[in-house]
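Model the full assembly from the supplied sequences, consistent with the hints where possible.
Protein chains: 2
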Amino acid sequence: MGFLDELKFDGKGLIPAIIQDYRTGKVLMLGYMKREGVEETLRINRPVFWSRSRQTRWVKGETSGHTQEMKEFLYDCDGDALVIKVEQKGPACHTNYRSCFYRRVFPDGSEEIVEEKLED
Amino acid sequence: MGFLDELKFDGKGLIPAIIQDYRTGKVLMLGYMKREGVEETLRINRPVFWSRSRQTRWVKGETSGHTQEMKEFLYDCDGDALVIKVEQKGPACHTNYRSCFYRRVFPDGSEEIVEEKLED
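Going down the list, the protein sequences come from chains A and B. Counting along the first sequence from 1, when you hit position 78 you're at 78 in my numbering, and nothing is skipped either side. Numbers in my numbering are just positions in the second sequence, counted from 1, shifted up by 120.
Note that these hints are calculated values from the structure, not bench results. No false leads were slipped in.
Label-pair restraints from in silico Cβ distances:
| id | chain 1 | residue 1 | chain 2 | residue 2 | range |
| --- | --- | --- | --- | --- | --- |
| 1 | A | G109 | B | K237 | 36 to 42 Å |
| 2 | B | Y142 | A | E69 | 25 to 31 Å |
| 3 | A | H94 | B | G145 | 22 to 28 Å |
| 4 | A | D5 | B | H214 | 17 to 23 Å |
| 5 | A | G61 | B | G199 | 22 to 28 Å |
| 6 | A | E39 | B | V234 | 19 to 25 Å |
| 7 | A | S110 | B | G229 | 43 to 49 Å |
| 8 | A | H94 | B | E182 | 37 to 43 Å |
Looking from chain B toward chain A, a few residues come up when the C-beta cut is under 8 Å (computed):
| id | residue |
| --- | --- |
| 9 | M121 |
| 10 | V147 |
| 11 | L194 |
| 12 | H214 |
Where a beta carbon is used, it is the ideal one built from N, C-alpha and C, also for glycine.
See the structure below:
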């Protein structure tokens with residue numbers, strides 16, 4: 001695949017992947033992928049991440065059942081970031097919030113929870 | 121601001137900031153911020169980035185006029201990523217596409233331009 005050679009992976013061999021709900025446009029999470037993960041993502045139609053803390057390949061939902069089915073794969077002008085639109089089953093966040101970005105900060109520093117917490 | 125102490129900056133002192141159109145939900149670009157940049161972002165109501173290639177602070181539109189006015193600031197469960205919703209004037213991408221994520225890749229490796237190119 002030609003575009004793979006246009007992607008730039010960082011010093012640790014990773015590229016950030018923004019995961020977005022394909023229906024609502026909500027940003028669900030930010031993950032990281034290795035080159036093999038990008039290839040596998042396009043092959044199996046699910047985002048294949050690299051866990052920086054555990055140093056392992058992971059696919060959302062393999063244990064939780066909260067799977068992501070890929071609907072659209074985009075890459076940016078510099079080839080150093082991805083957007084992957086998915087159909088998300090259940091919450092995207094391990095905290096059970098629909099999105100990992102559930103905390104809003106206002107200019108005065110006050111905060112508000114802006115996401116719904118889903119049942120298990 | 122309490123939340124600042126919950127943010128995790130990487131080895132280079134940076135945190136990724138996903139910039140999203142507040143009206144359409146379109147992801148426009150991915151930038152990086154230093155801690156000072158995050159503070160300044162909330163103060164001046166525009167995303168304040170750090171250019172990794174030029175090693176300088178930058179604010180979108182300072183030369184191009186394609187400014188970003190902040191509408192919403194969110195941070196994620198792990199405190200290692202931001203979503204900033206903005207009102208984007210003109211194209212977000214230096215290539216004049218509305219979004220930096222203008223190339224779509226299909227599972228067979230073929231590509232398509234999915235964004236509109238705006239006039240200067």
